[in-house]
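With the sequences and hints as input, model every part of the structure.
Listed below, chain by chain, are the residues.
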Amino acid sequence: MSDKSKGSVAPDVPATEPSFWEADKGLASWLFTLDHKRLGVMYLVSTMIFLFVGGAAALLLRTELLTPEGDIFSATVYNKLFTVHGAVMVFLVIIPSVPGALGNFLLPLMLGAKDVAFPRLNLLSFWVYTLGAMFFLYTLFAGGLDTGWTFYTPYSSTTGTSVVSATLGAFILGFSSILTGLNFIVTVHKMRAPGLTWNRLPLFVWGIYATAVIQILATPVLAITLLLITIERTLNIGIFDPAMGGDPVLFQHFFWFYSHPAVYIMILPGFAIESELIAVHSRKHIFGYKAIALSSVAIAIISFLVWGHHMFVSGQSELAGVIFSFLTFAVAVPTAIKVFSWVATLYKGSIEFNTPMLYGLMFIFTFSIGGLTGLFLGSLATDVHLHDTYFVVAHFHYVMMGGTIIAFIGGIHHWWSKMFGVNYSEKAAKIGALLVFIGFNMTFFNQFILGQQGMPRRYYTYLPQFQQQHVLSTIGAYILGAGLLWTAIYLIHSLRRGEKATSNPWHGVSLEWHTQSPPIQHNFHGTPVVTSDPYDFPEIDRTGETDRH
Amino acid sequence: MSAIATAEHPEHLAHHFDTLEQQAAAAKLGMWLFLATEILMFSGLFLGYFIIRMFYPEMVLEAHEYLSKTAGGVNTVVLITSSFTMALAVRAAQVGDQKNLIRNLIFTIGFAGVFMVVKYFEYSAKFEHGMLPGKFYHAWDHGYYIEGLPHIFFGLYFCMTGLHGIHVLVGIGVLTWILLRAKKGEFGPSYYTPVENVGLYWHLVDLVWIFLFPLLYLVR
Ligand SMILES: [Cu+2]
Numbered sequence: 001m002s003d004k005s006k007g008s009v010a011p012d013v014p015a016t017e018p019s020f021w022e023a024d025k026g027l028a029s030w031l032f033t034l035d036h037k038r039l040g041v042m043y044l045v046s047t048m049i050f051l052f053v054g055g056a057a058a059l060l061l062r063t064e065l066l067t068p069e070g071d072i073f074s075a076t077v078y079n080k081l082f083t084v085h086g087a088v089m090v091f092l093v094i095i096p097s098v099p100g101a102l103g104n105f106l107l108p109l110m111l112g113a114k115d116v117a118f119p120r121l122n123l124l125s126f127w128v129y130t131l132g133a134m135f136f137l138y139t140l141f142a143g144g145l146d147t148g149w150t151f152y153t154p155y156s157s158t159t160g161t162s163v164v165s166a167t168l169g170a171f172i173l174g175f176s177s178i179l180t181g182l183n184f185i186v187t188v189h190k191m192r193a194p195g196l197t198w199n200r201l202p203l204f205v206w207g208i209y210a211t212a213v214i215q216i217l218a219t220p221v222l223a224i225t226l227l228l229i230t231i232e233r234t235l236n237i238g239i240f241d242p243a244m245g246g247d248p249v250l251f252q253h254f255f256w257f258y259s260h261p262a263v264y265i266m267i268l269p270g271f272a273i274e275s276e277l278i279a280v281h282s283r284k285h286i287f288g289y290k291a292i293a294l295s296s297v298a299i300a301i302i303s304f305l306v307w308g309h310h311m312f313v314s315g316q317s318e319l320a321g322v323i324f325s326f327l328t329f330a331v332a333v334p335t336a337i338k339v340f341s342w343v344a345t346l347y348k349g350s351i352e353f354n355t356p357m358l359y360g361l362m363f364i365f366t367f368s369i370g371g372l373t374g375l376f377l378g379s380l381a382t383d384v385h386l387h388d389t390y391f392v393v394a395h396f397h398y399v400m401m402g403g404t405i406i407a408f409i410g411g412i413h414h415w416w417s418k419m420f421g422v423n424y425s426e427k428a429a430k431i432g433a434l435l436v437f438i439g440f441n442m443t444f445f446n447q448f449i450l451g452q453q454g455m456p457r458r459y460y461t462y463l464p465q466f467q468q469q470h471v472l473s474t475i476g477a478y479i480l481g482a483g484l485l486w487t488a489i490y491l492i493h494s495l496r497r498g499e500k501a502t503s504n505p506w507h508g509v510s511l512e513w514h515t516q517s518p519p520i521q522h523n524f525h526g527t528p529v530v531t532s533d534p535y536d537f538p539e540i541d542r543t544g545e546t547d548r549h
Numbered sequence: 001m002s003a004i005a006t007a008e009h010p011e012h013l014a015h016h017f018d019t020l021e022q023q024a025a026a027a028k029l030g031m032w033l034f035l036a037t038e039i040l041m042f043s044g045l046f047l048g049y050f051i052i053r054m055f056y057p058e059m060v061l062e063a064h065e066y067l068s069k070t071a072g073g074v075n076t077v078v079l080i081t082s083s084f085t086m087a088l089a090v091r092a093a094q095v096g097d098q099k100n101l102i103r104n105l106i107f108t109i110g111f112a113g114v115f116m117v118v119k120y121f122e123y124s125a126k127f128e129h130g131m132l133p134g135k136f137y138h139a140w141d142h143g144y145y146i147e148g149l150p151h152i153f154f155g156l157y158f159c160m161t162g163l164h165g166i167h168v169l170v171g172i173g174v175l176t177w178i179l180l181r182a183k184k185g186e187f188g189p190s191y192y193t194p195v196e197n198v199g200l201y202w203h204l205v206d207l208v209w210i211f212l213f214p215l216l217y218l219v220r
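Residue numbers (the numbering used here), protein chains in the order written: chain A, 1 to 549; chain B, 1 to 220.
Fair warning: there could be bad hints in the mix.
[What the hints assert, rightly or not] Here chain B is said to cover these stretches of chain A; the calculated rule only asks that three of the stretch's residues, wherever they fall, bring their Cβ under 8 angstroms from a Cβ of chain B:
(1) 189-197
(2) 233-241
(3) 244-252
These aren't lab readings, by the way, just hints derived from the structure by calculation.
By construction, the Cβ of each residue, glycine as well, lies at the ideal position given by its N, Cα and C atoms.
The structure is reproduced here in structure tokens:
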């Protein structure tokens with residue numbers, strides 16, 4: 001091990017110890033596991049199940065929208081469907097997906113630790129998540145919910161559908177999110193291996209850390225908001241409901257004070273994955289390490305000051321509108337810094353067009369569209385025209401799906417061999433990536449145009465002139481659905497038939513690649529010591545003669 | 001490059017930590033973060049309170065006269081004293097004074113109990129007078145007429161003191177747990193983080209009340 005260029009060093013002991021998959025046997029060894037890797041796998045499975053549920057609801061919605069008239073569903077059923085789609089995707093899929101699955105699995109590995117700081121809290125967090133999910137499922141079967149995932153008052157305090165069980169579900173899920181965030185912050189602060197300074201942390205860790213900060217600071221406000229709305233609905237205390245003397249706009253302030261930062265709870269983990277994908281698969285040192293790391297923290301802070309951009313037409317003061325608009329533009333700056341850094345990393349790198357990289361490139365394309373159209377909505381005058389139209393729908397799907405979910409799928413492929421010890425079929429994966437890319441853009445790109453032409457969101461009928469574009473969207477959604485299903489199929493297939501993976505197929509330098517695949521129960525055969533940064537790839541030329549630096 | 005497996009393993013050290021110091025530092029940071037989430041959660045209620053007070057200042061002023069300043073005042077003194085005995089308990093744990101640790105924990109639990117008893121009598125009085133939250137408000141049936149929308153004030157009163165009361169009950173629970181562990185002699189100068197963390201939690205519960213009391217009972 002005299003190779004100087006090798007960044008981090010972990011003892012290379014022959015893989016004789018059983019992996020974490022084989023270390024313990026039986027159902028109880030999974031349900032009550034304290035192993036962060038097993039919890040990561042359990043989160044992965046649960047979020048994928050709910051991705052399927054939320055996705056199925058979306059396909060039903062799109063099917064209804066094939067024709068201008070209401071054909072399959074009544075207005076109420078349609079409302080329930082988009083509420084299920086939104087609430088499940090936000091609270092049960094996107095928020096817990098990356099931190100819960102990849103964060104849990106990778107964070108201690110990347111830090112060279114044996115586990116997260118509080119393994120029991122980690123298990124509790126998973127069970128709290130499960131409990132919250134049960135409340136959501138109960139809501140589904142107890143008549144559903146038709147308020148949209150935003151629970152706006154006064155509608156949510158008067159509708160006949162099952163609001164209380166849903167708000168309690170989201171309340172409980174919030175605690176799961178808080179516990180995970182708290183655990184991760186302490187883990188990053190206290191569990192780093194010797195030599196792993198803040199400037200040597202993989203950018204995945206920085207991203208998850210910034211996410212955790214927002215989870216901690218924003219989610220408690222959501223908790224009290226949901227509690228108040230539950231109380232409003234059961235006791236009519238009159239804090240949000242105008243009929244009882246309350247203020248519905250106060251609810252919107254409360255809700256968006258959480259839910260705008262929550263947008264970053266959802267996208268920062270996407271950024272976290274993206275930095276790893278781009279650097280490792282272009283074999284170049286990440287461009288602007290500190291800029292990427294600190295812009296995550298900057299985003300985390302500014303994200304708390306922009307919530308009013310959801311309320312430009314709610315009657316808030318003009319001055320507030322101007323300030324919120326300005327701050328919204330400000331939060332775009334650190335985001336742009338990231339995108340430029342990724343592009344600069346690609347420049348003159350030796351890019352390998354494997355599946356993780358394809359998703360990485362896809363992310364830059366779709367997320368940039370999502371991010372830039374956010375600026376249209378952040379400008380006061382344009383927002384008045386675009387508010388509550390398909391433009392908004394297209395924008396946040398480009399960010400949430402085109403950003404986080406695309407990065408998540410890329411991340412799953414990137415770390416698949418580490419988690420499961422097998423390789424998926426590269427050819428099948430490329431077909432899947434193509435289907436997802438075509439399907440996604442076909443579904444959502446023309447929704448920008450639809451919205452600009454005046455198609456309002458959340459309607460189950462529409463004017464006949466919009467039909468062509470709606471049909472295009474629906475076909476796109478089917479292709480996207482097929483692509484995701486195909487992805488699930490070949491990944492699951494690889495578990496049975498895939499060839500056995502080596503421990504470091506991408507020649508990564510960060511610590512998770514320095515243990516066997518899948519890792520042993522205690523991650524490493526001893527405490528690893530880190531001597532350089534995680535993007536110091538061996539083939540990087542240090543002489544400066546070949547531009548590969 | 002080194003693989004060190006520490007040979008001796010202290011009794012209270014979990015397997016994934018290297019040293020007791022690391023473990024204690026992690027637990028303490030975790031606790032402070034948790035307290036931050038608690039403050040943020042209560043701050044939502046405080047904000048709601050200020051908005052309502054801004055909307056309906058006369059109603060809040062009139063309605064608050066029906067809260068018992070004596071009961072609130074007594075409870076304030078009780079909680080502050082309990083914070084003091086809690087601090088003494090932490091100190092006793094740090095210096096390994098087993099007798100004082102147990103005694104002060106019992107005092108703290110006792111004061112918490114007194115707080116809940118006073119709260120119980122306060123709540124019963126409100127129930128009897130029909131001063132209930134929201135749609136259950138019917139004080140006029142009992143001969144009390146408050147101008148405006150007093151159901152909002154009492155709604156907030158029950159939300160804020162109720163959430164705080166739940167925290168006191170949880171406090172009694174964790175204090176009892178710590179007391180039982182202390183009786184087994186688990187704490188001493190080398191290991192007292194749980195006592196310290198429960199202490200921090202208890203001080204927060206106290207602190208929240210110190211804000212609740214003037215805002216609800218002493219409106220001007
Ligand atoms: Cu926003």
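Going through the hints against the structure:
| no. | hint | result |
| --- | --- | --- |
| 1 | 189-197 | holds (count 3) |
| 2 | 233-241 | holds (count 5) |
| 3 | 244-252 | holds (count 5) |
Violation of the numbered hints given earlier is absent; every hint is satisfied by the structure.
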